[in-house]
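2 protein chains.
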Amino acid sequence: MEKTSVSKATFGRLPEYLRMLREISPETVPYISATTIAKKLNLGEVQVRKDLASVSGAGKPKLGYETVELIEKIEQCLGCDKLTPAVLIGAGKLGRALLHFSEFEKYGVKIIAAFDQNEETINFGGKTEILPMARFDQFCKDKQIRLGIITVGEGSAQEVCNQMVKAGITAIWNFAPCRLNVPSGVVLQNENLALSLAHLNSQL
Amino acid sequence: MEKTSVSKATFGRLPEYLRMLREISPETVPYISATTIAKKLNLGEVQVRKDLASVSGAGKPKLGYETVELIEKIEQCLGCDKLTPAVLIGAGKLGRALLHFSEFEKYGVKIIAAFDQNEETINFGGKTEILPMARFDQFCKDKQIRLGIITVGEGSAQEVCNQMVKAGITAIWNFAPCRLNVPSGVVLQNENLALSLAHLNSQL
Numbered sequence: 001m002e003k004t005s006v007s008k009a010t011f012g013r014l015p016e017y018l019r020m021l022r023e024i025s026p027e028t029v030p031y032i033s034a035t036t037i038a039k040k041l042n043l044g045e046v047q048v049r050k051d052l053a054s055v056s057g058a059g060k061p062k063l064g065y066e067t068v069e070l071i072e073k074i075e076q077c078l079g080c081d082k083l084t085p086a087v088l089i090g091a092g093k094l095g096r097a098l099l100h101f102s103e104f105e106k107y108g109v110k111i112i113a114a115f116d117q118n119e120e121t122i123n124f125g126g127k128t129e130i131l132p133m134a135r136f137d138q139f140c141k142d143k144q145i146r147l148g149i150i151t152v153g154e155g156s157a158q159e160v161c162n163q164m165v166k167a168g169i170t171a172i173w174n175f176a177p178c179r180l181n182v183p184s185g186v187v188l189q190n191e192n193l194a195l196s197l198a199h200l201n202s203q204l
Numbered sequence: 205m206e207k208t209s210v211s212k213a214t215f216g217r218l219p220e221y222l223r224m225l226r227e228i229s230p231e232t233v234p235y236i237s238a239t240t241i242a243k244k245l246n247l248g249e250v251q252v253r254k255d256l257a258s259v260s261g262a263g264k265p266k267l268g269y270e271t272v273e274l275i276e277k278i279e280q281c282l283g284c285d286k287l288t289p290a291v292l293i294g295a296g297k298l299g300r301a302l303l304h305f306s307e308f309e310k311y312g313v314k315i316i317a318a319f320d321q322n323e324e325t326i327n328f329g330g331k332t333e334i335l336p337m338a339r340f341d342q343f344c345k346d347k348q349i350r351l352g353i354i355t356v357g358e359g360s361a362q363e364v365c366n367q368m369v370k371a372g373i374t375a376i377w378n379f380a381p382c383r384l385n386v387p388s389g390v391v392l393q394n395e396n397l398a399l400s401l402a403h404l405n406s407q408l
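In the order they appear, the protein sequences are chains A and B. Using the working numbering, the first residue of the first sequence is number 1, and each one after it goes up by one. Using the working numbering, the first residue of the second sequence is number 205, and each one after it goes up by one.
If you only want the chain A side, here are some residues facing chain B, beta carbon under 7 Å, derived:
#	residue
1	His100
2	Glu103
3	Ala171
4	Ser202
To be clear, the hints were calculated from the coordinates, so they are not data collected in a lab. From the three backbone atoms N, C-alpha and C, an ideal C-beta is built for every residue, glycine too.
Just chain A, same shape as in the assembly (with noise of 0.2 Å):
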C-alpha cells in the first residue's frame, strides 16, 4: 500500500465516498465531480474537495475524477486492496473482543495471531489462536508483522511496547489506558475508550 498523508477526519469519511461510488455505475458515469459528490452525500462541498485532493489529487478541469480510478484510489488508500497482516498482546476480554470483530477485514487488516502470558497455545474455538508470548519475536520476524495491537493491561504495556518494536513492529495500535514511550519511525496510535465516553459525558 502507498504510504498516504491522509487526515484522520478525511479517512473517516472515505467509506462513504467509497460506498456512494460502488453504487453508481462507471459505464454510464465515467467522471464524477466533487460537487455532485457532496451533494449526493449531504457534505460541504469544500471538504469534499479537499478531502478528494488528498486522495486522488485535483481532477480533470470540467469533468472531474474518473471514477474507476477514484474508487481504486480510496480502496488503496483505506487499504481494502491487500491485507496487512497484525498481532495482538492481551488476550483477555477486549482482545478476544478484537479478535472477533470481521470489520478490520473489510480494511485491510486481518489480525493473524494473538499472544498472552499462557505457556501453551489456546484455541478459542475461533479464528485466531492464542500463542504463548515466548513465541512472539520469532513468529514475528519470519512473517514480517508490522503492526502491533496492545490490549494488555497499564502495568505491562510499555515492556509489551518494546517487545514490539525489538520484533521489528512499526505502527501500534495502544488500548491501554496509559503513555507509552517509542522510538521515532514508530507510529504510536492510543485508543483510549474510557477519554472517548468521558467526552461525550461532558456534553451531556
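Starting from the structure of chain A, add chain B where the hints point.
Below, chain B without anything else, positioned relative to chain A:
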C-alpha cells in the same frame, strides 16, 4: 456536571494534567503557571495555555492558576467528580468487554445495565446483569438514563438508536460501523474501531 465545550484533543490531555497536579502539594505550590505545567509535561506552552483556558479561564496575572481550583475544574470537566449512569445495548463480545472495563468509572461513567435480545436476565458472572430488551424503556425512564452505548451489529443499530432516543437518552456512543440518524438535541459519537486501525495501517 457543567456543560463544557472542550475539544476532544484538549480533553485527551486532561488526565495528564490531572495526574501531574495531584502529585504536587498545593500547600507548597498554591499557584502554578501554564509555563511550568508545559515544562513538566514536555508539551508546547501555547497548547497548555489554550487547554487550561478552555477548562478554567485565564488564571491570575503573574501567578497562574490556583492549584486546588485547577484540579477541581479538570475533575469536573472529565466528570470524575460524579458518576453518570449509562446503559449498553448489545451484549456480544465487544459489549461484554466494555462491561468489564474498570477505566470508565475513573472517568465518571458507570454502565449500570446491559440489554440484549434474551428473554430472561443473564448474570454473566460479573458486575452487570444483561436484561431483556423488553425492560429497556421503563428501566431508562425510571433511572433517568441519558447516556447509551450501542454495541449491536450494523443491521439493528438504527432501530436500537431509535429506542434509546424514545427512552430519553440524549448522548449515544455508537460502535456499529454505520451512519445513524438522531434528532437534533441528541449527541452522537461514532467509534469505528476498524477505521482507526485502517488509519494506522495507512501510515505503515
